[in-house]
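Residue-level listing of the chains:
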Amino acid sequence: MTEKLKNIRNFCIIAHIDHGKSTLADRLIEKTGTVSTRDMSDQILDSMDLERERGITIKLTPTRMFYTLNGEEYVLNLIDTPGHVDFTYEVSRSLAACEGAILIVDASQGVEAQTIANTYLALDNNLEILPVINKIDLPSADVQKCRQEIEDVLGIYAEDCPAISAKDGTNIDEVLKQIVERIPSPKGDENAPLKALIFDSLYDNFKGAICFVRIFDGKVKVGDKIKMMKVDKTYEVTEVGVFTPKMKPQDMLLCGDVGYICASIKNLSDTKVGDTITNADNPTLKPLPGYKDVQPVVFSGIFPVDGAKYGDLKDALEKLKLNDASLKFSPETSVALGFGFRCGFLGLLHMEIITERLEREFLLEIITTAPSVSYNVYKTNGEMLEVSNPSMLPPPAEIDRIEEPMIKLDVYTPPNYVGAVMELCQDKRGEFIDMQYLEKTRVVLKYHMPLAEMIYDFFDSLKSRTKGYASLDYEVYGFAPSELVRLDILLNGEPCDALSMIIHKDKAYARGRQIAEKLKKIIPRQLFEVPIQACIGGKVIARETVSAMRKDVLAKCYGGDISRKRKLLEKQKEGKKRMRQFGSVELPAETFISILKTDDND
Amino acid sequence: MTMIDTMIYVHIPFCDSKCFYCNFVSGIYKDDIKEKYFKKLNEEIEYHKNKNYNVTSIYIGGGTPSSVSTKYIGEILKNIFKNYFVSDNAEITIEANPCSLTKEKLQDYKKFNINRLSIGVQSLNNKCLKTIGRKHTKNQAINALKMAKSCGFKNINADVLIGIPNQNYAKLKSTVRILKKFVTHLSAYMLINEPNTKLTKMLENNEVKVVNEDTCVNYYNKLVKYLNKFNFKRYEISNFALKGFTCKHNLGYWQGNNYLGFGLSSHSYFNNERYQNSSVMAKYLDSDFEVEKHKLTKEEMIEEHIMLGLRTIYGVDIQYLKSIGYDILSSKKDEIALLEKNNFITVVKNRIVVNQDKWGVINQIILKLLP
Numbered sequence: 001m002t003e004k005l006k007n008i009r010n011f012c013i014i015a016h017i018d019h020g021k022s023t024l025a026d027r028l029i030e031k032t033g034t035v036s037t038r039d040m041s042d043q044i045l046d047s048m049d050l051e052r053e054r055g056i057t058i059k060l061t062p063t064r065m066f067y068t069l070n071g072e073e074y075v076l077n078l079i080d081t082p083g084h085v086d087f088t089y090e091v092s093r094s095l096a097a098c099e100g101a102i103l104i105v106d107a108s109q110g111v112e113a114q115t116i117a118n119t120y121l122a123l124d125n126n127l128e129i130l131p132v133i134n135k136i137d138l139p140s141a142d143v144q145k146c147r148q149e150i151e152d153v154l155g156i157y158a159e160d161c162p163a164i165s166a167k168d169g170t171n172i173d174e175v176l177k178q179i180v181e182r183i184p185s186p187k188g189d190e191n192a193p194l195k196a197l198i199f200d201s202l203y204d205n206f207k208g209a210i211c212f213v214r215i216f217d218g219k220v221k222v223g224d225k226i227k228m229m230k231v232d233k234t235y236e237v238t239e240v241g242v243f244t245p246k247m248k249p250q251d252m253l254l255c256g257d258v259g260y261i262c263a264s265i266k267n268l269s270d271t272k273v274g275d276t277i278t279n280a281d282n283p284t285l286k287p288l289p290g291y292k293d294v295q296p297v298v299f300s301g302i303f304p305v306d307g308a309k310y311g312d313l314k315d316a317l318e319k320l321k322l323n324d325a326s327l328k329f330s331p332e333t334s335v336a337l338g339f340g341f342r343c344g345f346l347g348l349l350h351m352e353i354i355t356e357r358l359e360r361e362f363l364l365e366i367i368t369t370a371p372s373v374s375y376n377v378y379k380t381n382g383e384m385l386e387v388s389n390p391s392m393l394p395p396p397a398e399i400d401r402i403e404e405p406m407i408k409l410d411v412y413t414p415p416n417y418v419g420a421v422m423e424l425c426q427d428k429r430g431e432f433i434d435m436q437y438l439e440k441t442r443v444v445l446k447y448h449m450p451l452a453e454m455i456y457d458f459f460d461s462l463k464s465r466t467k468g469y470a471s472l473d474y475e476v477y478g479f480a481p482s483e484l485v486r487l488d489i490l491l492n493g494e495p496c497d498a499l500s501m502i503i504h505k506d507k508a509y510a511r512g513r514q515i516a517e518k519l520k521k522i523i524p525r526q527l528f529e530v531p532i533q534a535c536i537g538g539k540v541i542a543r544e545t546v547s548a549m550r551k552d553v554l555a556k557c558y559g560g561d562i563s564r565k566r567k568l569l570e571k572q573k574e575g576k577k578r579m580r581q582f583g584s585v586e587l588p589a590e591t592f593i594s595i596l597k598t599d600d601n602d
Numbered sequence: 001m002t003m004i005d006t007m008i009y010v011h012i013p014f015c016d017s018k019c020f021y022c023n024f025v026s027g028i029y030k031d032d033i034k035e036k037y038f039k040k041l042n043e044e045i046e047y048h049k050n051k052n053y054n055v056t057s058i059y060i061g062g063g064t065p066s067s068v069s070t071k072y073i074g075e076i077l078k079n080i081f082k083n084y085f086v087s088d089n090a091e092i093t094i095e096a097n098p099c100s101l102t103k104e105k106l107q108d109y110k111k112f113n114i115n116r117l118s119i120g121v122q123s124l125n126n127k128c129l130k131t132i133g134r135k136h137t138k139n140q141a142i143n144a145l146k147m148a149k150s151c152g153f154k155n156i157n158a159d160v161l162i163g164i165p166n167q168n169y170a171k172l173k174s175t176v177r178i179l180k181k182f183v184t185h186l187s188a189y190m191l192i193n194e195p196n197t198k199l200t201k202m203l204e205n206n207e208v209k210v211v212n213e214d215t216c217v218n219y220y221n222k223l224v225k226y227l228n229k230f231n232f233k234r235y236e237i238s239n240f241a242l243k244g245f246t247c248k249h250n251l252g253y254w255q256g257n258n259y260l261g262f263g264l265s266s267h268s269y270f271n272n273e274r275y276q277n278s279s280v281m282a283k284y285l286d287s288d289f290e291v292e293k294h295k296l297t298k299e300e301m302i303e304e305h306i307m308l309g310l311r312t313i314y315g316v317d318i319q320y321l322k323s324i325g326y327d328i329l330s331s332k333k334d335e336i337a338l339l340e341k342n343n344f345i346t347v348v349k350n351r352i353v354v355n356q357d358k359w360g361v362i363n364q365i366i367l368k369l370l371p
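Heads up: the protein sequence lines correspond to chains V and D, in order.
Residue 321 in the numbering used here sits at position 321 of the first sequence, and the numbers go up by one each step.
Residue 314 in the numbering used here sits at position 314 of the second sequence, and the numbers go up by one each step.
Just to be clear, a hint being listed does not mean it is correct.
Unchecked claim - A few chain D positions that, by computed beta-carbon distances, are all more than 12 Å from chain V:
| no. | residue |
| --- | --- |
| 1 | M3 |
| 2 | G27 |
| 3 | S87 |
| 4 | F153 |
| 5 | N168 |
| 6 | F182 |
| 7 | L203 |
| 8 | S323 |
Said to hold, decoys possible - List time: in silico DSS-like cross-link candidates among lysine-lysine, alpha-carbon distance up to 25 Å:
| no. | chain 1 | residue 1 | chain 2 | residue 2 |
| --- | --- | --- | --- | --- |
| 9 | D | K36 | D | K49 |
| 10 | V | K556 | D | K358 |
| 11 | D | K173 | V | K556 |
| 12 | D | K332 | V | K565 |
| 13 | D | K368 | V | K577 |
No lab work stands behind these hints, which were simulated from the structure alone.
From the three backbone atoms N, C-alpha and C, an ideal C-beta is built for every residue, glycine too.
Full structure from sequences and hints, please.
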């Protein structure tokens, strides 16, 4: 092993949301003097405003630190990881780029769902796990209980693990010391052909798509010809460098290093997370294991509130896609909503992030239709269709069967909420698989459940039924046949495509009634009476009516003062712009998302 | 030099008391302010003098013009006649309330060439009158109307309010049944709860109950039918008249006539420009009569013609719209067809007219027809 490799430590931090991952990262950076205190803003690795605001990390921002222990200088490469189920695959690739992981556990909350899920992911990647108990400054902190939990639930020795307060900076040195002492140095052969793992990528307007890499074997420098093994494309390297955490060019990246490679790559989709980069002239025989093409699981239509902004929406989505290769979209036309896009997301959080970014960063007003999953529809003629847009479902007579995506769901809850959780899961068509006591105060319930039920209001219901104590983790495992029907909503006798949904037949009646009632509240009175009908296969199952408007007039005119009339007119004109014309019916923008929230609270 | 037709509005912001529903620029002022105000008002009338202006109507509104001494009214009118050309058949209206109207005042008005009276009756139910803070009673109102007739006024309007708390249709109908014997014109308004009025506060404190909107609309529709039986035809959203007694001044506002507004907060529309005086008394008294004017753009002219025109039985002029660049029949083909099919509008002889029973939702119809 070279001198250089011996002094490198590549590690990441894993934690449940809110357990203080980004804060610890900041303290490590501060302690090692990587960023001057003057430049420190809270949680510098969370580069997006949205991330900082929500306290979650979506994008990974690696950083290189220097730390001296017993007269030796070490290079510590920190790879931050996102802490949400939607991004499990990204997490697994970040983990694969490391030799060790700091596992943060909140001293007051103990081991949580994501703690367990991420620990297993880290173990799968053969990482050395270094538990750290955080937030010891909290009055409710119980360090000893926390150590016990880590040992009992995760089976990791925790007796001498550092107990810290990332917020106050307590015991940060101990963490740094253990990183050096306990996490193994990287292995690899500097003289072997290049083998680098892409664990993230970023789009830069000047440099093109930039690969964030961990070099496992060999070296790479400017001018080298490199090849993306999965994508099968060759580029010439224009820049290599490391993260300080700002990108800083270097002459060369050697095996063991974490850094970046630029090669005038135009499309972010050519830099797929999990792909292996090798030297085109001297390629490695075998790529690194574990590559997976990430597929979206949640789909939704996104339309501009003002139809004229279609072009702006398209530009915005394209820009977002430059930085987020997992975002998929294709043009869609709706009778009710006009021109827009059907978008595919990794999960609900991902969807929420994208829609919020469209609104905040691009100042677009958008209408989002109810999220749907992608169904496999087998037609009687033997054809199979993937249907993620309810209005594309073929007529019932042409359908042999429909299969829907299923998830393995783990719900972690204190034992006193087991009943409430089971009731909810049953209600959501979940199939009970197993229940285990992880410890006295924590139970895991395992279910198989349709993904469609998960994306409709499950998380909120779970939180409200368990007073926020339960947490969950899930993964899509396959498809299962199901008795599904399309529920259509007719406004003034016309089916409104953007309000259609695919739903289990046992639930269709109740939902139809709920939606009709909800729409009656949302749709304002207009010149004409608006009948609202919920239908399944042409059969009306619920009916409501919005009666015609009776009065909208400014009668009085004081001495020729028409300014009030003009003001009102301008206000009403503005309001109209936000309305969607559907036949003779005008629908407010919120109509389309409101039908999502009809459960418990109404 | 060709004559330019115009109307004149004069604002008298003085009242003896403030009605509970009123949020208009009017109120109770000291006598020295009144003195200064009328001096300023006459200066303003002189300032804009032009003998080439053919005045087709004069409207003295308020406030309560009848609450001030007739001396002031006489001066104003004399001043207008002196500085402008007032057409022989000009309609000259003054607003009055039953409390302040006396025989002497009426005789003076007659002398000043005033030929139309608009009396704020509002209701002939004593309870209703009290609820909204009117100071007169039913009998005072009837007396005022009788006096006006005996003094020779042949063109009289009465204002009526619909939707006064506790007013039912029977009370409303009985008010109108009596009024129609005295008047040639009726203005019927739905009571609006304006912000910052005593009435709105009373409603918030549950001292009185609001009449719901659908009920008001029902009353109004019934009233329209009732008045129609007695030949009071609705010619504008809120106005009804016997044949030959429509208010020229009121119609002028909707038909794009010129009008000069004199006095506190008064509005003017002249030569496609809109402007208004300050609504702060101190500022008006200090004014040099030069105000910022807004020249209407072509788009605004189109919008206004639709917005204002549809309020009357004459509707909008399709050819006129075309002449200023808006071919409404082709650009709103679908909307017009839908509205016609559902009996909201009628397209007749180059005009689009809102059907009378649909005037209550005119704002929505306007929105559908705008460019």
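*Structure versus earlier hints, numbers of those that do not hold, lowest first*: none
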